[in-house]
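*Asks:* Protein chains in written order, with my numbering: chain A, 1 to 287; chain B, 1001 to 1281.
These are calculated hints, taken from the structure and not from any lab test.
Certain hints may be false.
[To be verified] With a cut-off of at most 30 Å between alpha-carbon atoms, the simulated DSSO-like pairs for lysine-lysine come out as follows: (1) A:Lys277 x A:Lys30; (2) A:Lys277 x B:Lys1125; (3) A:Lys88 x A:Lys30; (4) A:Lys112 x B:Lys1125.
Residues per chain are reported as follows:
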Amino acid sequence: MKKIRSANIAGSTGADPQELARARAAAREKIGRYVVPFVILAIAIFLWDRIVVWNDIPHYILPRPGLVAKTLVTDWAILSESLVNTLKITFGALAVATIGGAGLAILFTQSKWIEISLFPFAVILQVTPVIAIAPLIFIYVDSTAVALLICAWIVAFFPILSNTTLGLNSADHNLHDLFRLYGANRWQVLWRLLLPAAMPYFLGGLKIAGGLALIGAIVAEFTAGSAGSGSGLAFRILEAGYRLNIPRMFAALILISATGIVIFMSLSLLSHLMLRKWHESATRRER
Amino acid sequence: MPSEPTREAITGLAETPVGTNASRPVVTLHNVGKTFSNGTVALDDLNLAVRAGEFVSLLGPSGCGKSTALKIIAGLGNPSTGGIDWPSEQVASDHRHDISFVFQEPTLMPWATVFGNVHLPLRLKGISKAAARTDVEKALTNVGLEGFADAYPRELSGGMKMRVSIARALVTRPSLLLMDEPFAALDEINRFKLNNDILSLWQSLGWTVIFVTHSVFESVYLSNRIIVMAARPGRVYREIEIDAPYPRDEEFRTSARYAEYCREVSHALQEAMKVDSGTAQ
């Protein structure tokens, strides 16, 4: 720590113009990282608006962004209800995937035979497109909510399972020996060695699973929606499509994207907070 | 600390743990052999008796089975043939409680602070953080790391990490310390410093140390006795007593006697390696 601090001081006294220029460039990049994407987004929306106006495109083909925003407000009562439904399925599936994926991974490390027996099923579930399984699930499961949850879970749980399994197996061999030497029991090895070692991998899996849970929920809703039940955002898109209510389709789409972004950012933050003290991925390096 | 190098201090027998019989060996290996499942004979007919309070180095080329021998002594591997005796141990049921192991790498848990890492052996025995605090702090003071309890391993230099590893080994107050090339990855300055620290800890705490190394200079500087090993299959080639008084310091390191011992050990090692290449093909 002391070494890092003294290096810092040397940098800030600024004897070296090259270092100063580098520091300025770094500061510019830091601000630019947040500002530039918004500027580009604003330009894109402006161009979208102009293209609609210049080409005289009717709103039932491509609405102007202003109209989409207006629809978001006027249809908020319907859209927000659907948003809540989609969120319920997404987070429910993510929670079950987290518990199930991590739990199964822990079970795998406790017994090779359980891993050998069950892992192929996990792979089969993962490689079979959920949209192909969904109709069957809707036939066998009476409750739509439960069926949606199952579909979203199937998509979300695999990255957590495989990442956590990898993490649990990646604990330092010498540390394993050390735990053995000091007479640690199974539970202590799991709690004090395997789980902390697996944490970065698990969090990486969770970040992927968060996005996939949303995708799973939406795909399942499309399947359920076409069967005539369900009221999530995907169903709103289908319904609005039948009615040529294109602005509402866009509004629902924006809500789905925003949900995905918020999920990703929250999980990234969670990962940063959990790892910042010790893991290389979360620590800033001074050069 | 011994003030004057007596005959006992020379052989290291003066600094024995209270209650153990100095003349009796702590651990004896009888005709120990180890053959791995792929057919590699790592050890063949290894005989070794380590007396209480001794500082013994196992010196040899890579592949001579010195690390394997250390793991077998630690109970981390079983010998294929032969056996191990713990004659002076009252805890015949589980001698492991009395052993500490220092690996070549610091082998710290990156997610735990220095305190948490040193606390680990005690925690695994169910001793809480509060109850272990004095012991952990004492161990950290012993290795010169007071004030670093809350640091994370990644914030420390290589030498400091190794010190944490040593603190973790001594927090259980072991009577036998096994070290597997602990300083091989360090620069020479840090290595010399840690050599001195280990020697003074050994003298003040009354350990028995089995030290694996491939450095002739390190083994001569530290040990009462050097076991020179030959490879393929791993076996004892020669035993050399280093008859020089402790405490040893930089003066010893630059003395003619030290140089002489280094030459003798070096020759023995060369011969051991010749024998090895002669039989291997």
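*Asks:* Evaluate each hint against the coordinates.
*Replies:* To see whether the hints hold, each was checked on the structure:
1. Simply put, A:Lys277 and A:Lys30 have alpha-carbon atoms about 22 Å apart, close enough for the 30 Å limit, and the pair holds.
2. Distance hint between A:Lys277 and B:Lys1125 is fulfilled; the C-alpha atoms sit about 26 Å from each other, no more than 30 Å.
3. Only pairs whose Cα atoms come within 30 Å are accepted, and A:Lys88 paired with A:Lys30 is rejected, the gap being roughly 35 Å.
4. Note on A:Lys112 and B:Lys1125: the hinted pairing holds, with a Cα-Cα distance of about 28 Å set against a maximum of 30 Å.
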